[in-house]
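A.B. asks: The residues making up each chain are set out below.
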Amino acid sequence: MEQVKNKILNYLNKLKPGGMQATLMVTFSVISVLIMLILGVVLYLRFSSVSRNEIVETTRKLMEQSGENMEDYLVRMRQISDAVYYNVVKESDFSSQENRIQRGMNLIYEANQDNLKSIAIYNNYGSLMAAEPVASQKEDPNVTKQGWYQSAVEEMENMHFSTPHIQNLFDDGTMGYYWVISLSRAVELTERGDSRTGVLLVDMDYSSISRMMDQINTTNSGQYFYLCDSNGEIIYHPRQVQISDGIFQENNQTAGDYKEGIYDETFQGEHRKVLVNSISYTGWKLVGVIPYSTFTHGMLNVRYFIMMLILLMGMMLAFVNRMVSVWISSPLLRLNDSVKSYEAGEKPRIYIGGSQEIRHLGDSIQRSYEQIDDLMKEIVLEQNERRKSELDALQSQINPHFLYNTLESITWMIEGEKNDEAAFMITQLAKFFRISLSKGRTVISVRDELQHARSYMNIQKVRYKNAFAVVFDVEEAACACCIVKLVLQPILENAISYGVSAMDEGGEIRIIGRKRDGKILLTVRDNGIGMTREEAEDVLTDNTRVPKRGSGVGLINVNNRIQLLFGKEYGLKVESEPDEGTSVSIVIPAVPYEEENRKILEKGYLFGKDLIKNIEDAGGEDEKQ
Amino acid sequence: MKNSKKAFILTEAVLGFLVALLAAVMLLDKNGEAPDKISVIVENSEDKQWAAFRYGLRMAAADLETELSIVPTEGELTLEEEMELIRQEIRNGADGVIIQPVPGPDTEEMLGEIGKKVPVMLVGSQAVRGAGEYPLTSPDNYRLGEALGEELIRDCRENLQGKTLGILSRNSQSPAIQDRYEGFCSALKGAGAQVRWNMDGNYGEEEGQSLEDLSKVDFVIALDDRSTAAAGASSSANDLHGAIVYGVGSSTDAAYYLDTGKVQCLVVPDGFSEGYQSLEELSRRLEHSFGKMEDRLAGYTVIRRDTLFTEENQEILFTMSQ
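As they're listed, the protein sequences go chains A and B. According to this note's numbering, the first sequence is numbered sequentially starting from 6. According to this note's numbering, the second sequence is numbered sequentially starting from 3.
Just to be clear, a hint being listed does not mean it is correct.
Quick look at which bits of chain B chain A covers, simulated, 3 or more residues with Cβ under 8 Å [stated by the list, open to error]:
| hint | region |
| --- | --- |
| 1 | 14-26 |
| 2 | 68-78 |
| 3 | 253-267 |
| 4 | 273-285 |
| 5 | 304-317 |
Far from chain B by the CB rule (all over 10 Å, computed), these chain A residues [what the hints assert, rightly or not]:
| hint | residue |
| --- | --- |
| 6 | Gly45 |
| 7 | Ser53 |
| 8 | Gln84 |
| 9 | Asp176 |
| 10 | Gln245 |
| 11 | Asp250 |
| 12 | Arg327 |
| 13 | Leu380 |
Hints were generated in silico from the structure; no laboratory data involved. For each residue, glycine too, the CB sits at the ideal point set by N, CA and C.
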């Protein structure tokens, strides 16, 4: 049992899902075949049941009709017997009115000779008193030993019908032997005025009954009718001699016990329906036998017809199933093919066709692929820009012009024996470069960036002989956040070069750091010459501008680098008024400076945007509270 | 071509083939298979002696749904007449023939020719005594004769010393008669009876052939139905010089003479069975083309006057009367 179960499970596991079209086709076909089979079987069963009932009903009616005919015939025979007895025999004396009796019997015989073989009257010794037609009696027929005589004597009040037998009474010279059914009754005979008992015999021609039965035994379908008495003794059977010879068997003994009705029986392995109709006055039974094979035989053509119907429906459904499955699956298969081609590296148009749902699916896939393409391009572009920005930033780290100026200033201080100042400069320069390198990191803390700016401004202040003031106004909360490194220095450089360097005195650069709404705002504000609104707008958009002075790293570059890491909504914001000064603000999300956050941000905006989103949401919530 | 398309075309083709097959079956069934036609050729076929045989044939034909044709013949057939009748029946569409063969070796040759065309079943006896090339349905003729002899011995209380016998038959050349005679002689062997004459011919039917002219014997043994009827008729006319008749018979005539006491004992071959079985066997062969027909044995019944109307024997009279 376990092995069989395992085998079945293995087999099921081996079954792999087939193509959509085949699956649809097989599913439709299986359902169709099942429906057709169920329909066919139900139809056949219903039809065969109706047909069977029809056959049984027809047979029953036929038997009823035949039974009535037979009863009529037997009533006529009884009437003949009555007529002979009451009209001829009872009124006459055999000793004196023999001719009258003979004449009367002759008249009755002549009127019914088609159905009769003979009419005879025997006395209580079995001697023949009169007979019609007139024929010589056999030498010693031993009448009193014959069944019909004994029945009449034993039950004198009744008429008795015998089973068929050879008439063994008369010799008519034809050397023939007649098969008759004897109707006998006890009668009262008068001879010389004395009354005595006798037996009146009416021998009915068996062929009359045989003909009646033959007429209903004409079908070749296997059904037949026979006649038996109440003891089951056969009176007529279409295979009478075969039964006697043992060639054929009949369940007549059981049929003798049946009452009028319809029975199911199994005889010698054959299932059959038996209809029994009683014949009045005689106790005879007309039995109709319908083997179940007759029903089947009658249903053969119907069976063929239903089978043909099922096959034709099968053909039609296979065709329709095929059409439907092709119709349903074809757009999907074409869509699948175009996706496969796409996956194989080709650039086909994604198939858009078929039903509304499939069209929508194709359209979505097409758009997805297009978006993927755009994103890919964007990523490549961003990567390129990032590399370029990094290169630029690296370039700024080793700006030879800045280094030359700084070193010159140091040299000048040493020559002027300003050793303390020279030492301060060297210290600041060292810090400057240490943070510039930052172990190759792109993201550093705001604190480090401010330190870097401080170092830079200290150096520049020395170079510019403290021509301007530098003020750092940064909240401590902002210092612990992440920032792209070296973004303040180019802004400060611009503030010096374009803002305060030209001022004789009173120049001030203020670095303000704030943390608001989940964002860090680092502003470099100078009170220099400023610029117009248009010029301020061009600072971040006009890529063609060439810096007149400074490291050569423009604000656009700074802006790009911020946006590469924090997204397009962050970056620089420039505000300026001529003769009022310029304010350049760095806006970045307030991402706490942690190693994990730093690593995420360094991978770029695509990887860090979830983190930034969380920070923004958290900032928004804090603000509400 | 895709697999699913192949499967679809294959399915449609198989279903189409089944529809065509079913249509053909329905058409054949509607037209109906013509029943096998079997022709029967026996001499003097309308004679009473064949009544039970004919009835047996008719019953078998009805049971087996076979078309039966009993060729009407009168008197004895010659080989040529029989041959012509068989050919005529084959031309008329007979699928098989049941033949009572004309005795003689030439008949064997004729049967060989016919047997190549249609299956042949013999009834009565083989054409040549001892030959067994063709299937035969008949009673055991030897045993029939033997039974007749046994009845005679029983009646004479096994004392036949000095009794004389006259043997009567229609055709002493017939293997059936020869077998019966041999069986009869075998039963009487050592009983002391003496066969005074052994005559064959149409006694009682043709002029110049009267049993009265034959010498007086104690017993006349008639080996076939016609001879028994002839002997019974002669006995009725008191032309047998008081001889007691024992005979083989299958007609109501023979039964009548038994009934009237003109025949002492009658051995009745089962004609019904002979007819039924011969047709049944031939029909079976026609149904199974490669089947081989076998010999079938019909029974016989010994009837005496006092047992003529027993229930069993009334059935025999019934078949004789059909």
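A.B. asks: Indicate, hint by hint, whether the structure satisfies it.
C.D. replies: Taking the hints in turn, this is what the structure says about them:
For the region 14-26 of chain B, the stated coverage by chain A is satisfied: 7 residues place a CB nearer than 8 Å to a CB of that chain, which reaches the threshold of 3. Evaluation of the coverage hint for the region 68-78 of chain B: breached, as 0 residues show C-beta separations to chain A shorter than 8 Å, against a requirement of three. Only residues whose beta carbon comes within less than 8 Å of a beta carbon in chain A count, and the region 253-267 of chain B has 7; three or more means the coverage holds. Only when three residues or more bring their CB closer than 8 Å to a CB of chain A does the claim for the region 273-285 of chain B stand; here the count is 3, and the claim holds.
Counting residues of the region 304-317 of chain B whose CB lies closer than 8 Å to any CB of chain A gives 4, which reaches the minimum of 3, so the coverage claim holds. Remark: the non-interface label on Gly45 (chain A) is consistent with the geometry, its nearest Cβ contact in chain B lying 13 Å away (cut-off 10 Å). Against the 10 Å criterion, Ser53 (chain A) stays outside the reach of chain B, whose nearest CB is about 17 Å from its own CB. With a closest Cβ-Cβ approach of about 28 Å to chain B, Gln84 (chain A) is found to remain outside the 10 Å limit, as its non-interface label requires.
Not every beta carbon of chain B lies more than 10 Å from that of Asp176 (chain A), the smallest distance being close to 7 Å; the non-interface claim is violated. The claim that Gln245 (chain A) is not at the interface with chain B is violated, since a C-beta of that chain comes within 10 Å of its own (minimum 8 Å). Separation of Asp250 (chain A) from chain B is inadequate, the least Cβ-Cβ distance of about 6 Å not exceeding the 10 Å criterion. Not every CB of chain B lies more than 10 Å from the CB of Arg327 (chain A), the least distance being 5 Å, so the non-interface label is violated.
Its beta-carbon lying about 37 Å from the closest one in chain B, Leu380 (chain A) satisfies the requirement of being farther than 10 Å from that chain.
Of the numbered hints listed earlier, those contradicted by the structure are 2, 9, 10, 11, 12.
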